[in-house]
Each structure stands twice: as C-alpha cells, then as structure tokens.
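Keeping their order, the protein sequence lines are chains A and B.
Residue numbers 0 to 332, in numbering that gives the first Met the number 0, belong to the letters of the first sequence in order.
Residue numbers 0 to 332, in numbering that gives the first Met the number 0, belong to the letters of the second sequence in order.
Among the clues, some could well be false.
Since the list gives no way to pick out one identical chain from another, each pair is judged satisfied if it fits inside one copy or across any two copies.
[Claimed, not checked] Mimicking DSS-like on lysine-lysine, the simulated pairs with C-alpha atoms at most 30 angstroms apart in a straight line are: (1) K290 x K184; (2) K76 x K305; (3) K266 x K88; (4) K184 x K305; (5) K184 x K166; (6) K181 x K290.
Treat the hints as calculated values from the structure; they're not laboratory data.
There are 2 protein chains.
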Amino acid sequence: MKRKSKYNVVVVGVGVVGIEMLRVLRQRNFPVGDLRVLARSTREITVDGEKYSVKAISPEAFDGMDIALFAGTEGEKGAAVIYAPEAVKRGCVVIDNGADFRMDPKVPLVVPEVNAADVKKHKGIIANPNCSTIQMVVALYPIHRRARIKRIVVTTFQSVSGAGQKKVNELWEQSGAFLAKKPIKPVEFPYQIAFNLIPQIDVFMDNGYTKEEMKMVNETRKIMGDDSIKVNATCVRVPVFYAHSESVNIETEKYISANEVRELLLKAPGVRLVDDPMNRSYPMPINAEGKDDTFVGRIRRDDSVKNGISMWVVADNIRKGAALNAIQIAELL
Amino acid sequence: MKRKSKYNVVVVGVGVVGIEMLRVLRQRNFPVGDLRVLARSTREITVDGEKYSVKAISPEAFDGMDIALFAGTEGEKGAAVIYAPEAVKRGCVVIDNGADFRMDPKVPLVVPEVNAADVKKHKGIIANPNCSTIQMVVALYPIHRRARIKRIVVTTFQSVSGAGQKKVNELWEQSGAFLAKKPIKPVEFPYQIAFNLIPQIDVFMDNGYTKEEMKMVNETRKIMGDDSIKVNATCVRVPVFYAHSESVNIETEKYISANEVRELLLKAPGVRLVDDPMNRSYPMPINAEGKDDTFVGRIRRDDSVKNGISMWVVADNIRKGAALNAIQIAELL
Numbered sequence: 000m001k002r003k004s005k006y007n008v009v010v011v012g013v014g015v016v017g018i019e020m021l022r023v024l025r026q027r028n029f030p031v032g033d034l035r036v037l038a039r040s041t042r043e044i045t046v047d048g049e050k051y052s053v054k055a056i057s058p059e060a061f062d063g064m065d066i067a068l069f070a071g072t073e074g075e076k077g078a079a080v081i082y083a084p085e086a087v088k089r090g091c092v093v094i095d096n097g098a099d100f101r102m103d104p105k106v107p108l109v110v111p112e113v114n115a116a117d118v119k120k121h122k123g124i125i126a127n128p129n130c131s132t133i134q135m136v137v138a139l140y141p142i143h144r145r146a147r148i149k150r151i152v153v154t155t156f157q158s159v160s161g162a163g164q165k166k167v168n169e170l171w172e173q174s175g176a177f178l179a180k181k182p183i184k185p186v187e188f189p190y191q192i193a194f195n196l197i198p199q200i201d202v203f204m205d206n207g208y209t210k211e212e213m214k215m216v217n218e219t220r221k222i223m224g225d226d227s228i229k230v231n232a233t234c235v236r237v238p239v240f241y242a243h244s245e246s247v248n249i250e251t252e253k254y255i256s257a258n259e260v261r262e263l264l265l266k267a268p269g270v271r272l273v274d275d276p277m278n279r280s281y282p283m284p285i286n287a288e289g290k291d292d293t294f295v296g297r298i299r300r301d302d303s304v305k306n307g308i309s310m311w312v313v314a315d316n317i318r319k320g321a322a323l324n325a326i327q328i329a330e331l332l
Numbered sequence: 000m001k002r003k004s005k006y007n008v009v010v011v012g013v014g015v016v017g018i019e020m021l022r023v024l025r026q027r028n029f030p031v032g033d034l035r036v037l038a039r040s041t042r043e044i045t046v047d048g049e050k051y052s053v054k055a056i057s058p059e060a061f062d063g064m065d066i067a068l069f070a071g072t073e074g075e076k077g078a079a080v081i082y083a084p085e086a087v088k089r090g091c092v093v094i095d096n097g098a099d100f101r102m103d104p105k106v107p108l109v110v111p112e113v114n115a116a117d118v119k120k121h122k123g124i125i126a127n128p129n130c131s132t133i134q135m136v137v138a139l140y141p142i143h144r145r146a147r148i149k150r151i152v153v154t155t156f157q158s159v160s161g162a163g164q165k166k167v168n169e170l171w172e173q174s175g176a177f178l179a180k181k182p183i184k185p186v187e188f189p190y191q192i193a194f195n196l197i198p199q200i201d202v203f204m205d206n207g208y209t210k211e212e213m214k215m216v217n218e219t220r221k222i223m224g225d226d227s228i229k230v231n232a233t234c235v236r237v238p239v240f241y242a243h244s245e246s247v248n249i250e251t252e253k254y255i256s257a258n259e260v261r262e263l264l265l266k267a268p269g270v271r272l273v274d275d276p277m278n279r280s281y282p283m284p285i286n287a288e289g290k291d292d293t294f295v296g297r298i299r300r301d302d303s304v305k306n307g308i309s310m311w312v313v314a315d316n317i318r319k320g321a322a323l324n325a326i327q328i329a330e331l332l
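Just chain A, with the same shape it has in the complex (with noise of 0.2 angstroms):
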C-alpha cells in the first residue's frame, strides 16, 4: 500500500468486533483519514461518548477507501462473501475477521507478532485468524521457533462474547433468571449457559470435531508456516462474559526448561508472562478483559512425554482475538 500521511478507512459491521475497532482505531491514533461505518441498515451509535453514523452498505459505499476492515464472523450471505470483492475492485486493502477467506492459498492469513511478512503477499485480501488461534499462536510462535513444537493438546475456556453481542446479554439474563430461581429459556444459545458448560462452538464436522476445532488445526498450520504441527482440539463455552482462556499442552522436538519457555515469553511481542503460582499469580478471564495483550501463566514441565510443556493462555478474545489484530494488520500496510 502507499505510503500516506492518512488512511481512508471503512468499517463493517457494528456488533461487538465493529464496535471495538472503531475503539481501536482511536485509542492506538490510527491515521484515519475519513470514516465510515457500514451495516445493513442506516443508524447512529454512540461509541466511548463518540457518535458515528452508520450507513447502509453498498458496492459505492467503498469508492476513495484505502481499507476496509469487516468485522462479521463468516457466512455465504455475510457481508464479506458478498462486498469484499467489491471493495478490492475499487481499490480498497481488505482485512476480514471472519472465517470465509482465512484458509484461500492466494490469501495471507496474519498475526503481527508471527508472521507479518505475509501481509505482503496480499492480492487485496488480508484474513484476520479465529479468536481462539490467535491468543494460542502468539504464546507458542516464540517455543516453536527455538524447539520446534510437534504437537498441540488444547482444550479452550471460550467466553460468550466471542459469539456476539445478542450471546453477552443473554448470559446475563439467564443468570438473573437462575438467580432468581425462575425458568430459564435459551434463545440464542441450544442449552442454559448460566452455571453451566457447553462443549460446541460453531458446527460438527463429520469427523465428530467442531468447525471451531478445526479452525485451530487448519489455522495454527498456516499461521505458523508448518504443516507438520499436529493439533488436537476440544473447545468449551464457559459462563465467562470476555476473553478466552485456554489450557495447552505441547511436545516439542528439542528440549526445553519450563524457565527456558519463561525466559523466551517475558521478551515475546504481544506477551505479559504472569507466572508465579506461589503467590497466586496466574492469567485470568477478568484481568485479561480490554487488555491487548496475550497472558500467559502456569508454564510448566511436563514428564508424561519426552519433551513436554503444559501452559495457560488468556487473552480478550474481541480485542487481541479480532479488533486488534485487525488493526495491527492494517498498521503493517
């Protein structure tokens, strides 16, 4: 992209993603040049005190842009299927946080702190990896590098936000509702998440994994630049309102001390090692929310393998695990 003093920027999609890259934008002073916010449908939302107004989308809507960050999850009739290429034709650098273009050979998919090299292979699409690969990528890139990582045992704490705003509220008012002790009716989720667990993001595949379990097989391969990283997957909703948290468990091909892994983390980009478990320090969904970076804690040897490591790895899945990431992206064009 060339080099400019301002960016004209257009953002998609006003859900909880869209809505904290408009938050990002401003608190990281982005260059942007003009502004405009896109949905279906015509409105005005108030963001930190700012308002914005909203307009409806259109292939026009994208002419004079320089990026366009879209903030939807995936789907055929999703406004990146439909508007992305549109954008392109019209001049614009795509950067889509949904799931519709992440594994297209000619699209780089990127986490600043891995591999931003491959923004520059882009053909006009830049993919922005699932949630729950990123937060992952950034805590094991750094142990790949120096032993080689073989295979990835992970089993993931996802909270509610990271399916959408409509999904927070509900946590909310089941939980009232069971607090209550009145009945509880899910709408947006198949079972009662309050109080309890639910093991299925997104839809089975027909090899009994999620499509959500496969993201972090598919997406971690390529992120990483490795094919031969084995993953194992088993990701959870939990009760949790922001961040995702996740329990990894990894054999590597060299040795390497569980201090060798803490020393290697506490000078990783995007990295806030918190580790020290005998005074109770580990990473947590509450400290973790509207934060930027990755924490990871309860670095650990494991010996039930030649060379293991278990960790624990939380991050705020709307901000490092979307938003942000978005934005690093544009800031590397």
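Chain A is already provided as a structure; the job is to place chain B on it using the hints.
This is chain B only, laid out in the frame that chain A set:
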C-alpha cells in the same frame, strides 16, 4: 466384614458430602441398623424432610458401630487423621472420603467399577479417591482393559461444590453482586469466581503442579493398578455449582476406533453414553447434577498421535465423586 442383615453406620461430617451420604444411604436402601451422625458440635439437621440429630465426635462414639463414613477432605487436624484409627480400634471399617490415607500402600483406594476386589485387602481403612479422578477412571478403565492406555492429558472444569457449601454460597452471592453491579469481595475463593476462571485447585507443589493435579496422576495409577500410565493434568475452577467436567485426551498402545470406544462404554458399569453431536447431544453439568452416572460424549479419534482418542466426561462431583462412591464401597463390604 461379617455378613449381617443390618449394619450400624456412622457418618462423620455434615458438609455437602456428609449430607449427600445421608441422602444416598436412604435412596439406595442401605441396610442401616443404628445410624450415628457426628460432627464437631451437637446440633439438629434436616435432609430431604428427615431430621437427624448430630452428636459431638469422640472415640467412644464409634463403639458398637460397623462402618464409619468420613466425609471430610483432608488435614492434620481433620476428623479422619484423629478419629479413623480410633474407629478401626473399635471394630469399624472406615471409608474415608479425604486424601489423608489414599496413597498409603496399606490402604485400598477404590472405585467399585474399576477395582472392587481391592476392598478385600483392607486393614481397617478404605480410601475414596478424589472426585476428578473417580469420574475419569470410570470412563477410561474399559478402554484401558481393551487397548492399554499409555498417556492421559486431562483438563478439568471443576464446579464450586467440590470445595464445600461455603464456596457454593459464595458463587451465588458473587454472581448476584456482579449482576447488580456491586463490588465483589472474595472471601472463600482467592479471587472472583463469578463469570471468571481460577486455574488453581488446592495448593501448588514445587514442580509447578497443584496437589489436585498430582492426585489425578497418582490416584489414577493406583486405582487402575498400572504405574506405567502417564498422566498430565490441568485443574481449573469454573463458575458452575454442581458436576465436574473433563476434556480427556488419551493415547493407547493398541488401536481402538471411536465406535469401539462407544460400544465399550455403552455397556460399562456406571457410565451413561451421551454422544450424538449431530443432534447436539453431549454431556453437560446441568444434566449430570444429582445423577449417579458418569456421562461420556464427544468421543472421537485424535489423529495427531498414533492411537489417540479425545472425549468429554461429566459427573456429579458430590455423588459419584464422593458420597455415592463411598457408599458403593460400603455395599461391597
């Protein structure tokens, strides 16, 4: 133990587990002769409409009794350490829910579905395993017998009731305060547990693992009678009231398909198979609460390793995880 038509039973402790023991004794029509309920101080309690008069514990309170069920957890000054030897001296067989005697080579550690025969080796005391271990071995033992399990990587999602009634109350109170946007002051838990996760259960050991995690390593080997099984555990407290859930990944010596695992577990004692993901059927805490079975689902091959299987295991930690298992041991006697 000599065969009798009725047995005199002592229940020591009237916390969550002690009360559930009284409930299970009635529900299973255990042939109770005299029943004594002991605690630190005298009081009256009501369980499911039935009144029990609680007497202060003393060595003499065990005179003339046959079976003593200790409901506590563990501790140098706990009832089991002080009174279990007294009870044995007076002719009782002690079944201890706590951790004090579990790894004693003279004390059998029993899950009836797995190692019922070990009961016979007792010298007065039989130990009830840790809740998270019980449900895991109930689900894994049939697979171990068929295909030999070499390694287990487990991440737990443990409900607050595992830590006692006060913790149950605190999750309730913290959640109410959170929804009312009032400040949360943790008393029982080290941190906020409402809408949060705490990756620590019990104290930390020098190796970076918690005592709870090491229990899963050591108790699993003792119950399954196979010291070669490697176990890596991560134990996490979640804002759920009842039932523990576990994401379990295993590696077996012999090949076993997901369907074979399902067939084995369909006829395994104490297991309820809930595994039809396409119809959103999988185990969840709200469905396991108050039930005797260990619920298993999300069974699938893990191709990230030679012979891998992943699964999701849920059980009521107060029933199968504590009270029920103890009374099943008493039934074996």
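Here is how each hint holds up against the structure:
In this homomeric assembly, K290 and K184 come within 30 angstroms of each other (Cα to Cα) only across copies, at 22 angstroms, whereas the closest approach inside a single copy is 33 angstroms. When the C-alpha separation of K76 and K305 is checked against a cutoff of 30 angstroms, the pair qualifies neither within a copy, at 47 angstroms, nor between copies, at 40 angstroms. Neither within a single protomer nor between protomers do K266 and K88 lie at most 30 angstroms apart by alpha-carbon distance, with minima of 41 angstroms and 60 angstroms respectively. For a Cα distance limit of 30 angstroms, the shortest separation of K184 from K305 qualifies neither inside one copy, at 48 angstroms, nor across copies, at 43 angstroms.
Taking identical chains as interchangeable, the C-alpha atoms of K184 and K166 lie at most 30 angstroms apart whether they share a chain (13 angstroms) or sit on different chains (27 angstroms). In the homo-oligomer, the alpha carbons of K181 and K290 lie at most 30 angstroms apart only across protomers (22 angstroms), although the nearest pairing inside one protomer, at 35 angstroms, exceeds that limit.
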